[in-house]
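Chain by chain, the residues:
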Amino acid sequence: MRRKVNEMNKIWVIIKREYIVRVKTRAFLIGTIVSPVILLALVLLPGFLATRGGGERRVTIINQTGDAGLFDSIKSKMEEKSDEIPMSGDQASLRATQFALTHIIAAPTQSLDEIAEQQAEKVRKDSGQTFVILPAGVLDGASAQYYARNISDFSIRKLERAISSSIIERRFARAGFDKGRIEDFTKSVDMETNKITDSEIKKEEGSISFIISFVMLFFIYMSVLFYGIFVMRGVIEEKQSRISEVLVSSVKPTQMMLGKLIGIGLVGLTQMGIWALTAMGLTVFGVSMFASRGINFPNIPPMLFVYFVIYFVLGYFLFATLYALVGATVSSEDEAQQAQMPVTMLLVVPMLIFTVIMNNPNSALSTGLSMVPFFSPTLMMMRIAVVNPPLWQILLSMAIMVATIFGCVWVAGRIYRVGILMYGKRPSLAELGRWLRYS
Amino acid sequence: MNVIELRNVSKKFDSFVAVNDLSFEVKGGTIFGLLGPNGAGKTTSIRMILDIFAPDSGEITVLGEHVSSPIQQRVGYLPEERGLYKKMKVGEQLTFFASLKGVSSREAQLRAYDWLEKLQLKDWKDKKAIDLSKGMQQKVQFIACILHEPELLILDEPFSGLDPVSTELLKNVIIDLKKQGKTVIFSTHQMEQVEQMCDEMCLINHGTKVLSGSVRDVKRSFGRNTVIIDYEGPDSFAGEDLIKRHKRFANHSEMVLQDGVDAQEVLKRAVESGARVNRFELVEPSLNEIFIECVTGKKPEQSLAAKGE
Chain A
1 MRRKVNEMNK
11 IWVIIKREYI
21 VRVKTRAFLI
31 GTIVSPVILL
41 ALVLLPGFLA
51 TRGGGERRVT
61 IINQTGDAGL
71 FDSIKSKMEE
81 KSDEIPMSGD
91 QASLRATQFA
101 LTHIIAAPTQ
111 SLDEIAEQQA
121 EKVRKDSGQT
131 FVILPAGVLD
141 GASAQYYARN
151 ISDFSIRKLE
161 RAISSSIIER
171 RFARAGFDKG
181 RIEDFTKSVD
191 METNKITDSE
201 IKKEEGSISF
211 IISFVMLFFI
221 YMSVLFYGIF
231 VMRGVIEEKQ
241 SRISEVLVSS
251 VKPTQMMLGK
261 LIGIGLVGLT
271 QMGIWALTAM
281 GLTVFGVSMF
291 ASRGINFPNI
301 PPMLFVYFVI
311 YFVLGYFLFA
321 TLYALVGATV
331 SSEDEAQQAQ
341 MPVTMLLVVP
351 MLIFTVIMNN
361 PNSALSTGLS
371 MVPFFSPTLM
381 MMRIAVVNPP
391 LWQILLSMAI
401 MVATIFGCVW
411 VAGRIYRVGI
421 LMYGKRPSLA
431 ELGRWLRYS
Chain B
1 MNVIELRNVS
11 KKFDSFVAVN
21 DLSFEVKGGT
31 IFGLLGPNGA
41 GKTTSIRMIL
51 DIFAPDSGEI
61 TVLGEHVSSP
71 IQQRVGYLPE
81 ERGLYKKMKV
91 GEQLTFFASL
101 KGVSSREAQL
111 RAYDWLEKLQ
121 LKDWKDKKAI
131 DLSKGMQQKV
141 QFIACILHEP
151 ELLILDEPFS
161 GLDPVSTELL
171 KNVIIDLKKQ
181 GKTVIFSTHQ
191 MEQVEQMCDE
201 MCLINHGTKV
211 LSGSVRDVKR
221 SFGRNTVIID
231 YEGPDSFAGE
241 DLIKRHKRFA
251 NHSEMVLQDG
261 VDAQEVLKRA
271 VESGARVNRF
281 ELVEPSLNEI
291 FIECVTGKKP
301 EQSLAAKGE
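Heads up: the sequence lines are chains A and B, in that order. All letters in the first sequence, in the order written, are residues 1 to 439 by our numbering. All letters in the second sequence, in the order written, are residues 1 to 309 by our numbering.
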């Protein structure tokens, strides 16, 4: 019994060293503080900037229809406050953009090119200037023409809608309909999306699930890759500086490996913990603030965070073990660059095929792929974010991962104990196979 | 009591035989030299003693038990390839290595301070290892392997890379440890150090034992086959029919006789050749000579010597 406690103690000593040495570095501090700031900026900045000022668009409307009332109609529609909730930065900026409309009445006989030539100079001089030509036949189906330096400006959609509905109203009026009823006729129909889960049916914007699942996929990928490489470099450092020679006289190589895996894993969890607290703080204090400015902060179900942590931990142990194995078989970081490729590929593949899951998250193919232990942390996580797969599938994928981790730790442990004392030429696969059998 | 016993130990890596049927024992409280050329199987033997590798066949006992983790805590090991964490402070490293051997960090800190003072390193306690010279790193490494007060010390090339002052310092520490009843095994290529410090020795080559026993017995078994001669004049008398190896020093020559050659014959020829002989002495070979002789394989009666332990 005494002996067992002793052995645990050794792993603990190693875990402690790995953890403290890394958490104390400046890189950790910077990485922990800077990355959430960058992430937050990415999420919130577009919306924030939009409320600050989508800027002013100066639009000249060149009206050839001879109907001066058309301009007033468009203008009033542009000034109406839209009641739709802006979901993304684009829509928010659209809402916030100010339009200054000017009216020019042109003769119906003037050609489009002629007018365009006349007006183009203004736009060339001042890129804030744009103009729209409403040709004489616009009521009968001719197109309105928009001219600007920047034609991919999202805010022109609002202008398009205002022009379109104004003209449609005119057509109804021309056909003799009562002015008051025209608005009822022309009201457009919205389709809201509702998500069915195992327990409830709720209103949810489709793009939100997508954003959440993609962010989670990306985060798991990045952090598993980052900390996996961290482990590999740690192993190479000990091997290169011959510290492993000293350590093996005190601890078993497997203990060294596990201590390193757990120690660095805890560094990762610490970092995520700090991030989670920041995110929670932001949710509590930030959401109301942003909501008052018209920005919705995505409402993420708490279970998603739980799964995220579980899949991060499992994914980390699976990949970090493989990275440790790679580290033990090479003699320098340069060699490692090449040797790590197969492992990194296993991690990258889900990033290439995640659209399969996205398009049909419950197909047999998607389910099968998300059960592959190397893909589960990313793909199953994504399915959870998108469709809530049956619990048994989630548990099964976790069980497969745990079993694979045990297998990998066993193999890596056997390779590790030989590898950390071998220098020189990189071993071939056949040699690695023989290392497995050394006693 | 034997602190280490190896019985018919063999170890293969794939088709390469690193250690072949090796047996030797180390008595408690002695300094034991494990000698051999590069690649002879010294490091593999040491790793098996430390339970880093398991032997393919044969038996090893250390401190009376089969090697296991609790035994590891009573052994200190200075590997040939040394390593410290570059960016860790000297004091922290020492505490880390000692706590792996089960020493509490308080205790480790106290002992580390004592030892750093003893080896003239106390101003470097809070410096990172990367800022230390190679010799200093080596001394830190030595402290790391004795901080848990092991009963058995295994030192692989302990003096390589040390200046004469540090070498002397370390030698005295090792001899002190022996006086305290500890057992020390060390491997080295410096035969003078073996002659000065070791009680017993074992020379291995190609994974097998070439000779072993107390340093005195080993030398005696080779007989007085070396002539130290101080002369003036030509050295044409020292022909290859008489002399196997000829080492010239500033004021004398050391000649190893061919097998079966009488030393008188050398003297006679020297006088006949007209050389003026100031000193002529027949001595036992130096360990260095024995080492070269055994390793280059020119000595057929090596097995005889091995029996003479």
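Simulated from the structure, these hints should not be mistaken for lab results. For glycine and all other residues, C-beta sits at the position ideal for the given N, C-alpha and C. Treat the hints with care, as some may be off.
Here are the simulated DSS-like cross-link-like pairs (lysine-lysine), alpha carbons at most 30 angstroms apart as the crow flies [as the list claims (entries may be wrong)]: (1) K252(A) / K244(B); (2) K24(A) / K27(B); (3) K24(A) / K12(B); (4) K122(B) / K27(B).
Computed footprint of chain B on chain A; a stretch qualifies when at least three of its residues, placed anywhere within it, have a C-beta under 8 angstroms from a C-beta of chain B [claimed, not checked]: (5) 11-22; (6) 184-192; (7) 410-416.
Stretch by stretch, here's where chain A covers chain B in the computed footprint (C-beta under 8 angstroms, at least three residues) [stated by the list, open to error]: (8) 84-96; (9) 246-252.
Cross-check of the supplied hints:
no.	hint	verdict
1	K252(A) / K244(B)	violated, 49 angstroms
2	K24(A) / K27(B)	violated, 47 angstroms
3	K24(A) / K12(B)	violated, 44 angstroms
4	K122(B) / K27(B)	violated, 34 angstroms
5	11-22	holds (count 4)
6	184-192	violated (count 0)
7	410-416	violated (count 0)
8	84-96	holds (count 6)
9	246-252	violated (count 0)
Comparing the model with each numbered hint stated earlier shows that hints 1, 2, 3, 4, 6, 7, 9 do not hold.
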